[in-house]
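Could you slot chain X onto chain Z? The hints should help.
Chains Z and X, in that order, are what the protein sequence lines are. Sequential numbering of the first sequence, starting at 741, is according to the numbering used here. Sequential numbering of the second sequence, starting at 1048, is according to the numbering used here.
In short, the hints are calculated from the structure, not lab data. By construction, the Cβ of each residue, glycine as well, lies at the ideal position given by its N, Cα and C atoms. Just so you know, not all the hints are guaranteed correct.
These stretches of chain Z come out as covered by chain X in the derived footprint (C-beta under 8 Å, 3 or more residues) [as the list claims (entries may be wrong)]:
# : stretch
1 : 849–862
2 : 1013–1027
A short list of chain Z residues far from chain X (calculated; beta carbon distances all over 12 Å) [unchecked claim]:
#  : residue
3  : 751
4  : 762
5  : 784
6  : 831
7  : 892
8  : 916
9  : 933
10 : 938
11 : 940
12 : 949
13 : 952
14 : 991
15 : 992
16 : 993
17 : 995
18 : 1009
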Amino acid sequence: MTDRARSVLVMSRQRLRDSLVGAGFYVALSAGLAVAFAAVAGFTTAVDSSGFDYRQSPLYSVLGGLIAGAFGPSLLARILAQGPLAFALHVGAVPVVLYLSVSSIHRFCAERSSGALELYTYGPADAMACVLASIVKDTTLTVVGLLSLLLLCAAAGAVNNLAAPPSLLAFAAELFLGASCIYAYGLLVALCVDNGSAAISLFIGVVVIFVLALVGSHAVVIGRGVEAAAEFAAAIGWLSPLGYWAIFVSARSAADLPGIIGGVAGPLALAAALLAACHLAAKTRGVRS
Amino acid sequence: MIQADALRKVYDTSVAVDHVSLTVPRGRIYGFLGPNGAGKTTTLMMMLGVIPPTSGVVRLFGQEIGPDRMDLRRRIGVVPERHPRGTWGSITVCEYLDFFAALFGVRRPRDRIAALLERVGLAEARQRAVRELSLGMVQKLSLARALVHEPDLLFLDEPINGLDPLGIRQVRDLILSENRDGRTILISSHLLSEIERTCSHVGIMFRGRLIADGTMADLLARVSADREIEVELQESPREIVSRITRDLPFVLGCAWEAPTLRIRLSREGDRRRELSAYLYRNGCVPVRFQERARSLEEAFVTITGENVELLARTGGPG
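Next up, chain X with everything else stripped away, as it sits in the complex:
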């Protein structure tokens, strides 16, 4: 659906994007992460054909995108980071969506607009002027606009920016529902917890380069080669802590922080059954058994941190 090959953008002497290649297959929700100034927006603009790349190619739906490819653009919905609400003067929410529906040649736009406003929670604001809307409402309106022509591909740049918890939930549900309907979605966001909840695949941009790209599980595995299981026990495990690494070769380490036994395991295989049996054999009764999940935030900090060190050592771009 999206294929970027060796994208590079150079402004005067600074390299904004450096040989970025990524592929987003149909039906996927792809999270595009990176700190400020990493080159995310420039990459997005090149993917949308708004900024021409210095070198490299972007293909959408298997065809090369460029400034004149209106046929490809009409299959895309975009929520930009900033929304020019002041430009729309006194026109109402409904008129605003009507305008974009007409621009895309949507048939029977009234029905589509009414359904969209209901889904994003703006049904009651349909007659309000766009310039009077709050930041969160504008964000929802922007999402409704991006969906008005039923695009195959959605580009969302900070889609939950300015939303309250209820709004975040509405937008998250909408994104997931649109994905279930078959839309491919690329989300660029700083809110890692939200990316973690919605995206199956993630790419991390850092100083113009794509330094990580893969499934969420791959990314988290890359951060940590082992797993950590927390076992809450009724009583102290006594000498188990010192013996367990000898008795069970897949256990890499163990620590007791009452009432929790923290056990570090290698990633191969699901060892919970063996672990549980071992604890019972040694007179320990597990009350709670939980694998500690690595967060995307940890992965992000670790991966970008590794790259800062690497760049410092190799004297790469900064």
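Same shape as in the complex, but just chain Z:
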């Protein structure tokens, strides 16, 4: 085993242990499971003899209203078309992914400012080994989170007489790939910005830009806004994991194989490019704040 591989393994094990000992991950996962459960339970109350109407459920009314208001009804329709369990899986994953990203950025910046990162580099480790260890920890916990959500969806589906479609696993895989890109973005920001609070703010800004780009690609607004939003979405869509997610969801609905492949290969290529950027940033910035 090479020095770097051992460093990544040892540091990711340490980070995993710290995450599992602390309360943060469990709080985020519980929040995700609660939201997912509410999404499944809300669906059953929104179904009547005329079919599904999200306005009949308080939760769906709020969430649906927000999504339709922000992104337009086409995205809402697209999400809901995948079924209530897919919707629950997606909304349940958000708190977990956000928590893991923010906590990794915070830890990386704290390690650099305290000198811990420097201490690792006196041994057979470097900043890139820390980045990879963080990614390994985050993706491992994402798998734990997604499996928990899948179990909850399966159980809630069984209780509410909703069949869990096989596509749920495909959505979980796509979510996993998108989440990996989000983590890589977070660590790239942490490598470039010394201050933890500033790095977290910048990361949230990046996520907001991706959300806005998604809005742009689904915007149904009147006038010049349509063109501007669409141009914005097209300009940064290839940098956004949410863009690839949208491509994947659309391609699945239309059974479009090239689209599905693009939706899977895109985030993989993006994650690789982001790790290369992290490597470059780690070399340029060094380990001292």
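Here is chain X on its own, set in the frame of chain Z:
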């Protein structure tokens, strides 16, 4: 073991390290001195490959060090000036050392860790959380961490910072013992008396430059061209004080401060036997005969003082 050639580091417009060259052969304990802001830490960081030099080269074990030379870094142990104990949360002393032992791929780490904790006096604190340790205990833990993988070369930045007298003695004994085991050690410290006790060779950094480099004896000789011997006498030496420089050509000066006769000698040869015979011949009985040792502190103050004057005259960096 360590070879730095013409190291230079420039930050924007200020020169932090200016053409520093030094060599530390295998098995030596080298003291690296200098006032605050002299460029010691920057030089150390460049030697460790953490900061790239603007120009110049550092070779460790005969090979050029750089950010990617993990193979060289695994042969080095480092005690940094500040230890990030807050980062380690609630993990215990044992878990902390376990982590670094695993990072270095140490085989049978439990035995090694137990022995190290015993040697640094932390055996009883093995189950305590790192963040609860006192500054002195953290310093000892840092030393144990630096030794956990049995490195060939040790870099110690203020290794006795925060230690009580017993702790200082433990760490000093440990450093000397590690050196006897064949490790080369570079110590950067402000505590000159400690450097004097442990190091055979010394380098002094001042305003980014290495202004002195050599054995401890060379350095002390550089401060003073002559020796001073104190002879305690039973009675007043009478006219000896005025005659001795004529009678003994190697005596440069003499002063009587009852009951001690202070005699200044040239450095050539050991003249104590001749001096003793001369005093007996002249009816003086020496009770105590002692050469006054120059301290490293005197050397440090003199050498840095000389450089302040030199820089003031030549308008060098300041």
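List of violated hint numbers, smallest to largest: Of the numbered hints, 3 and 4 do not hold.
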